[in-house]
Structure formats: C-alpha cells, structure tokens
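Peer 1: Sequence:
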Amino acid sequence: MNAQDALAFVHAHGVVLASARGPVPTLTHAIAGEPIRGSWWSHPQGKHIFAVLNAVSADPDILVCRLVADKITLVHRRLWPALAAAAPTFAPGRLARVKQEHSARGHHENSETPFPDWLPAGVLEEAALLDPQAALAALGPTFVTNPGQRSVRE
1 MNAQDALAFV HAHGVVLASA RGPVPTLTHA IAGEPIRGSW WSHPQGKHIF
51 AVLNAVSADP DILVCRLVAD KITLVHRRLW PALAAAAPTF APGRLARVKQ
101 EHSARGHHEN SETPFPDWLP AGVLEEAALL DPQAALAALG PTFVTNPGQR
151 SVRE
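Here the sequence shown is numbered in my numbering, starting from 1 and rising by one per residue.
Rather than coming from a laboratory, the hints here were simulated on the basis of the structure. Any given hint could turn out to be false.
DSS-like mimics (lysine-lysine), calculated; alpha carbons at most 25 Å apart, straight line [to be verified]: (1) K47 - K71; (2) K99 - K71; (3) K47 - K99.
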C-alpha cells in the first residue's frame with residue numbers, strides 16, 4: 001500500500017489507529033497487508049511503513065490525535081465537523097493535534113495544538129448544525145456506547 005492508498009483507507013474508514021490494536025482499523029496493518037505481531041519497526045516492511053505513515057500523517061486532510069483509547073489516531077477531514085460537535089464528550093487532550101518532530105538530539109518529541117485551535121475556518125459553524133449524538137454516530141459505531149459498555153473515550 002502506498003501513501004495514496006493509505007489516504008484512501010483513512011478516508012474510507014474515517015477514524016483509524018496509526019499502529020495500536022483497538023476497536024477501529026489499524027493503518028500499519030493495512031500498509032503491511034497483514035496483522036503485525038510486535039512492533040512494526042521490526043517488520044520486514046518497516047521502512048516502507050514508516051514512510052507511508054509519515055506521508056499520511058503530514059497530509060492536511062488528516063488529524064493526528066489521541067482520540068481512541070489515548071493512542072495515536074488518524075481522523076479524516078470529512079469527520080472534523082462531527083468531531084467538533086461531539087467534542088464535549090471527549091477529554092480535551094484527546095482532540096489536540098499531535099505533531100511528531102525530531103529534536104536536535106535526534107529524539108522524537110510530540111508537540112500538541114489544543115482543540116479547537118487547529119480547526120480550519122468554518123468547521124465549528126458546520127459542527128453547530130449537528131446533533132451531538134448524530135455526530136458520535138457519524139464517527140462510527142465504536143463511539144456509540146450502550147449503557148454499561150466501556151467507552152473508547154475513557
């Protein structure tokens with residue numbers, strides 16, 4: 001899977017985990033074409049996975065955040081109005097834009113832009129037109145919980 005295919009994957013699913021296992025699809029598994037046991041860094045396609053994951057994460061139509069179970073999550077722009085409408089149901093840190101940068105020492109460091117500072121103009125206005133429950137449903141069945149069911153938002 002190349003970067004264009006990976007972007008199409010995120011667009012189709014709307015919300016995916018970057019590499020963790022969870023209740024939504026995992027992009028690194030899709031890139032590799034198979035479930036990955038252990039770290040994807042040690043996978044034979046590790047360098048390719050890294051390149052594609054970086055390209056997708058850098059795309060302006062992709063939000064990188066910690067939405068699902070506090071794991072790195074990719075959300076396609078088509079769902080940003082729904083995400084904004086449902087924002088009060090999530091801990092604020094879950095909706096912060098996460099950007100991974102390389103420090104001068106060669107370490108990976110995350111910088112975060114709080115919600116809604118990263119939202120493009122007009123998205124909050126679109127969100128205001130949505131019912132919060134309908135917005136959660138638009139994000140996918142993972143976000144609609146039954147009484148007593150543990151939420152991915154916890």
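Peer 1: Compare the structure with each hint and give your call.
Peer 2: A quick look at each hint next to the structure:
1. Proximity of K47 to K71 is assessed by CA-CA distance (about 21 Å); at most 25 Å being required, the pair is judged to hold.
2. At roughly 13 Å between alpha-carbon atoms, K99 and K71 fall within 25 Å of each other, so this suggested pair holds.
3. Pair hint K47 plus K99 holds up; C-alpha atoms about 20 Å apart against a cutoff of 25 Å.
Checked against the numbered hints above, the structure breaks none of them.
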